[in-house]
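Guided by the hints, dock chain B onto chain A, whose structure is given.
Protein chains: 2
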Amino acid sequence: MRITVLAGGVGGARFVRGLRHLVAITDLDAEIVVVGNTGDDAWVSGVRVTPDLDSLLYALAGVNDEGRGWGREGDSERVSDELRAYGVGWPWFTLGDLDLGTCLARTALLRDGLPLSAVVERLAARWPLGVTLLPATDQEVETWVHVVEDGRDRELHFEEWWVRTRAALPATAFVQRGVERAVPAPGVVEAIAEADVVLLAPSNPVVSIGTILGIPGIRQALAATAAPVVGLSPIIRGTALRGMANACLTTIGVAVDAAAVARHYGARAHGGLLDGWLVDEADADGVPGLETGGIRARAVPLRMTDDAATAAMARAALELVR
Amino acid sequence: MRITVLAGGVGGARFVRGLRHLVAITDLDAEIVVVGNTGDDAWVSGVRVTPDLDSLLYALAGVNDEGRGWGREGDSERVSDELRAYGVGWPWFTLGDLDLGTCLARTALLRDGLPLSAVVERLAARWPLGVTLLPATDQEVETWVHVVEDGRDRELHFEEWWVRTRAALPATAFVQRGVERAVPAPGVVEAIAEADVVLLAPSNPVVSIGTILGIPGIRQALAATAAPVVGLSPIIRGTALRGMANACLTTIGVAVDAAAVARHYGARAHGGLLDGWLVDEADADGVPGLETGGIRARAVPLRMTDDAATAAMARAALELVR
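Sequences listed follow chains A and B, in order.
Residue numbers for the first sequence follow the working numbering, so the first one is 35 and each next one is one higher.
Residue numbers for the second sequence follow the working numbering, so the first one is 35 and each next one is one higher.
Just chain A, with the same shape it has in the complex (with noise of 0.2 Å):
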């Protein structure tokens, strides 16, 4: 069985270790293909940053920080205290020692001339993921943020915003700098093509899962697949659970509900994406809307509290199609 995901960082992270973890305890035949979200990716001071590629990749691996929720675990800050020391710093952004090293090793391939996915490749190759991690996209495609700040108008880089104002400055608009020029990255379209099913993970439907849906020709390799899409819903009770979905959704004009996100994706009998959806059991009321619309729906519990409660989840969307 062939399973596709389309994942964004630490919530795509923890959903595909879930589903990792079913194919193990149900000893199913499975190859899982991750597609990664690389809108957030950003040049910092010379540094090539992919913190959803490398959220999936540590979790994966094992070696990422459970508590904080980012990084590597057991990391230290010897360079970004260095860093400040000299006044120079990365203000709003810090790198562990050894979230730094993935990153500077990523850095020496891209600049020896390979492209990222070669690059993910490599440095995937390390441990033993049980997946095969792909970026959405090869080229640099990157999320800008429109907003005003101190009444201007500007526009910051996603991490920027993100992180230094934690997505409390109103956006206006997201715009994907370069994505004109964009294609899939080897492999992408061949993995939501010949999959069984296709999952989109409880990501941030805008700024993870929406951007790699950015890209010119996933979109269409998803509306043209044999496979049934499901996704899983990232909003429980009118609440993102990570990140702040919410405020993305506010900003493209979307209510931040479980049914108003699978609207959004849109029924694939009617020209959208989805065949299934998954809300929480405390969005069940929304279930009957959904399954009039087009879209099969069920409600199951959604939170990603350990490998068994996801992987239970993985199951149930698997279950949903078959």
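Because the hints were derived from the structure by calculation, they are not lab data.
Incorrect hints may appear among the rest.
What the hints assert, rightly or not - Which stretches of chain A does chain B cover? Using the computed rule of at least three CB atoms under 8 Å from a CB of chain B, they are:
# : region
1 : 54-60
2 : 149-163
Stated by the list, open to error - Some chain B residues flagged as far from chain A (calculated, every beta-carbon gap over 12 Å):
#  : residue
3  : GLU116
4  : GLY130
5  : ASP133
6  : THR136
7  : ARG156
8  : ARG160
9  : GLY185
10 : GLU194
11 : PRO220
12 : LEU247
13 : ALA258
14 : ASP291
15 : ARG330
16 : ASP340
Said to hold, decoys possible - Cβ-Cβ distance ranges computed for the label pairs, FRET-style:
#  : chain 1 : residue 1 : chain 2 : residue 2 : range
17 : B       : TRP161    : A       : GLN254    : 55 to 65 Å
18 : B       : GLU100    : A       : ARG215    : 45 to 55 Å
19 : A       : PRO162    : B       : ARG198    : 41 to 51 Å
Source: prediction; values computed, not measured.
For every residue, glycine included, the Cβ atom is placed at its ideal position computed from N, Cα and C.
Below, chain B alone, put in the same frame as chain A:
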């Protein structure tokens, strides 16, 4: 009194520290300007390293690793270990974490558009160095080394030749890439022109002092200054105490000998650079010949075993032309 020193890395740093010590213990009213070699500078995986300037900075700040001879005291290699774990690494190059902090701070400032001299000023402001540190030039003028490796002509960056091959691969030439477009950094020509004395530290005559002299305008400034120019031999008893100057001198056809190095710089009276030259007591037999050739010379202990010994060397250099 204005003292301007042309200096390479570790040896230059040790000498300047001794000179600073002399100023402190004698209550000399002196301003010290150090012009540091930039020929070892390199881009490594998108990070700008400036080994000689950093050796000067760390030694003058008192944070250098005295035992190892380079880098920061108490440094760790968490980032480098990560690079190796990914199979990327800098195979012939290791940067400690604290050292990398300096490099990333510099890289950030350079990428913000600051010239190297402004970057050095910013970084140096962290500590009360007691001297003004200037790069020889703001332009990227890197030293490349012609070698024959595995039977083929190659050019290596100086750092690779120095660190990877330990200067053991015979060099046929040193080339300063881009030197024709370089100008002295702001303050360098002034520091030479307005000095009361100019000292050539006991640094590598080829790839440290020689590289500084190769920047168009610096040799001319030395020829034109009213200040006497005094050098200290980095060669004692026919060998270099630090670094691998032997191989460099051999490459350019200069004997590895204290007096030969002075003749290589040349007597100012005959179109060269030197008014005075200090050799070690072990090389006293070369003194009469140098004096005949127009270079005031004296034999004194030239081993920089500690700040007091080095201060005595600096004092002898100043006294030679008083």
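*12 Å cut-off, C-beta based - ASP340 (chain B) kept clear of every residue in chain A*: holds, 28 Å
*Decide, holds or violated, for the assertion that all CB atoms of chain A are farther than 12 Å from the CB of GLY185 (chain B).*
holds, 25 Å
*Interface exclusion of ARG156 (chain B) relative to chain A, criterion Cβ beyond 12 Å*: Its Cβ does come within 12 Å of chain A, the nearest being 7 Å, so this is violated.
_Beyond 12 Å from every chain A Cβ - status for LEU247 (chain B)_ = Its Cβ never comes within 12 Å of chain A, the nearest being 30 Å, so this holds.
_Just want to verify: ARG330 (chain B) was marked as not at the interface with chain A; is every Cβ pair farther apart than 12 Å?_
Check passes; 42 Å lies beyond 12 Å.
*Can you let me know if the beta-carbon spacing of TRP161 (chain B) and GLN254 (chain A) is within 55 to 65 Å?*
With Cβ atoms ~58 Å apart, the hint holds.
*asked:* Over 12 Å from every CB of chain A: does GLY130 (chain B) meet that, or does the non-interface label fail?
replied: violated, 9 Å
*Would you say THR136 (chain B) is clear of chain A, with no C-beta pair closer than or equal to 12 Å?*
Given a closest Cβ separation of 7 Å, the condition is violated.
*Determine whether the non-interface label on ASP291 (chain B) survives the test: each CB of chain A must be over 12 Å from its CB.*
Holds, since 42 Å exceeds 12 Å.
*At a Cβ distance under 8 Å, does chain B reach at least three residues of the region 54-60 of chain A?*
violated (count 0)
_GLU100 (chain B) paired with ARG215 (chain A), Cβ distance criterion 45 to 55 Å_ = holds, 52 Å
*Since GLU116 (chain B) was said not to touch the interface, does its Cβ keep a gap of more than 12 Å from each Cβ of chain A?*
Not fine: 2 Å to the nearest Cβ puts GLU116 (chain B) too close to chain A.
Going down the numbered hints, you'll see the structure goes against 1, 3, 4, 5, 6, 7, 8 and 19, while the others check out.
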